[in-house]
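Line order of the protein sequences matches chains P and D.
The letter at position 36 of the first sequence is residue 36 when you use this note's numbering, and the numbering goes up by one with no holes.
The letter at position 115 of the second sequence is residue 281 when you use this note's numbering, and the numbering goes up by one with no holes.
Keep in mind the hints are simulated off the structure, nothing from the lab.
We put the beta carbon where it would ideally sit given N, CA and C, even for glycine.
Treat the hints with care, as some may be off.
As the list claims (entries may be wrong) - On the chain D side, residues computed to face chain P include the following (Cβ under 8 Å): (1) Arg-185; (2) Ala-186; (3) Thr-190; (4) Ile-194; (5) Leu-196; (6) Ala-197; (7) Val-200; (8) Gly-201; (9) Phe-202; (10) Asn-205; (11) Asp-210; (12) Ala-213; (13) Asn-215; (14) Ala-216; (15) Glu-300.
As the list claims (entries may be wrong) - The calculated label-pair distances, taken between Cβ atoms and stated as ranges, are: (16) D:Val-328 - P:Leu-99: 36 to 42 Å; (17) P:Ser-79 - D:Pro-335: 54 to 60 Å; (18) P:Ser-79 - D:Arg-333: 55 to 61 Å; (19) P:Ala-96 - D:Ile-314: 40 to 46 Å; (20) D:Ile-314 - P:Phe-107: 34 to 40 Å; (21) D:Ala-222 - P:Tyr-36: 29 to 35 Å; (22) P:Asp-40 - D:Lys-265: 39 to 45 Å.
Unchecked claim - Using 25 Å as the maximum straight-line C-alpha spacing, the simulated SDA-like pairs for lysine to any residue come out as follows: (23) P:Lys-41 - D:Val-272; (24) D:Lys-227 - P:Pro-59; (25) D:Lys-227 - P:Ile-39; (26) D:Lys-227 - P:Val-69; (27) D:Lys-230 - P:Val-52; (28) D:Lys-227 - P:Ile-57; (29) D:Lys-230 - P:His-44; (30) D:Lys-227 - P:Ala-47.
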Amino acid sequence: MEVFGAARKPAPGKGRGLGKWLSFGARLFLGLVFVYASIDKILHPAAFAETVYNYQILPNLLINVTAIVLPWLEFLIGSLLILGLWMPGAVFTCNALLLLFFATVLFNMARGLDIDCGCFTASTDPSSGGHMLWYLFRDGFFLLLGLNLFYVTFFPSRSGVAAMQA
Amino acid sequence: MEQLKILLSKVPIAKPYGRALRQTLVIIVLAAAVGFGMNLLRSDRLALNADWSPEARLTSKFGKNIMISLDEAKEKFFSGSALFVDARPLEDYREGHIKGARNLTVTAFEEQAFGLLLGLPEDTLIVTYCDGEECALSIEVAEKLKEIGFENIRILHNGWTVWKNHRLPCESGSPHAQSTEK
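Using the sequences plus the hints, can you model the full thing?
Spelled out as structure tokens, the structure:
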């Protein structure tokens with residue numbers, strides 16, 4: 001089954017020079033981040049459901065479903081990135097999630113919602129909303145790493161890194 | 167269509183898109199299967215369709231619905247038999263708050279609570295409030311108050327907006343002096 005074919009192909013990062021090591025580092029780092037981020041959510045789904053609720057984006061019907069599925073999705077993606085397996089799918093899903101997280105934080109910042117409490121505030125007090133900016137920069141950094149992986153995976157000849165052969 | 171194919175063939179992209187989509191589908195299905203399966207095995211499993219109403223959330227956290235109605239809050243206010251606590255950030259508090267309310271935030275709870283609550287009997291009725299239908303600050307401050315021994319706590323849901331809309335006594339400015347006067 002072709003979907004398993006990627007397991008026999010070299011993972012991104014096996015090309016030449018600095019680019020190879022940067023891509024390998026990005027893959028490993030993102031993989032570890034995803035696995036680490038998933039663990040607490042898997043252990044404490046109720047608390048994570050509360051967090052999802054505080055984003056005030058999903059309808060109530062989807063909150064618990066998201067809290068149940070999303071942590072395992074992160075865990076799977078992280079594991080696949082670390083092991084270098086199913087890279088097209090892992091990188092695609094990873095970037096989709098990172099883009100979603102980044103857009104969500106940006107959207108909530110724009111409407112003045114503090115996602116830690118689910119409350120709207122016009123306060124510029126760093127203790128109340130400064131962490132939103134931190135989330136934005138952090139998620140933006142992760143997204144950049146993810147986009148690098150995406151480029152290496154889907155544009156191998158341009159990136160100079162070994163191709164994921166079709 | 168032929169021209170599009172020729173154009174695409176000139177673009178140096180590997181061709182794993184089909185594989186990527188298939189793998190993505192398998193990953194999502196696998197995550198859902200494991201997630202729902204593990205949820206079934208948990209003793210504290212999440213219900214697939216939970217009640218996220220304010221009353222349900224309060225009952226879940228405090229064992230009972232500690233929401234106070236506006237009429238009851240008004241009665242407590244005018245009789246002076248409750249301490250009102252504004253859980254919003256200081257800046258929002260300064261712009262306007264329930265008259266006589268103290269500011270007590272989650273982030274600065276330890277620093278503020280000592281001065282505010284020193285000498286206050288633990289059975290004092292404390293009404294916390296914030297602003298917005300989904301705001302959880304009042305709940306979080308109520309939880310912290312409960313942790314330090316104050317059991318007689320009520321929450322005025324969407325308190326600031328509701329209080330203002332009913333033209334009840336408000337004021338603005340810096341927090342009151344931290345005293346135990348009621």
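Structure-based check of all given hints:
no.	hint	result
1	Arg-185	holds, 5 Å
2	Ala-186	holds, 4 Å
3	Thr-190	holds, 5 Å
4	Ile-194	holds, 7 Å
5	Leu-196	holds, 6 Å
6	Ala-197	holds, 4 Å
7	Val-200	holds, 5 Å
8	Gly-201	holds, 4 Å
9	Phe-202	holds, 6 Å
10	Asn-205	holds, 5 Å
11	Asp-210	holds, 7 Å
12	Ala-213	holds, 6 Å
13	Asn-215	holds, 6 Å
14	Ala-216	holds, 5 Å
15	Glu-300	holds, 5 Å
16	D:Val-328 - P:Leu-99: 36 to 42 Å	holds, 38 Å
17	P:Ser-79 - D:Pro-335: 54 to 60 Å	holds, 58 Å
18	P:Ser-79 - D:Arg-333: 55 to 61 Å	holds, 58 Å
19	P:Ala-96 - D:Ile-314: 40 to 46 Å	holds, 44 Å
20	D:Ile-314 - P:Phe-107: 34 to 40 Å	holds, 36 Å
21	D:Ala-222 - P:Tyr-36: 29 to 35 Å	holds, 32 Å
22	P:Asp-40 - D:Lys-265: 39 to 45 Å	holds, 42 Å
23	P:Lys-41 - D:Val-272	holds, 22 Å
24	D:Lys-227 - P:Pro-59	holds, 21 Å
25	D:Lys-227 - P:Ile-39	holds, 23 Å
26	D:Lys-227 - P:Val-69	holds, 24 Å
27	D:Lys-230 - P:Val-52	holds, 23 Å
28	D:Lys-227 - P:Ile-57	holds, 22 Å
29	D:Lys-230 - P:His-44	holds, 22 Å
30	D:Lys-227 - P:Ala-47	holds, 12 Å
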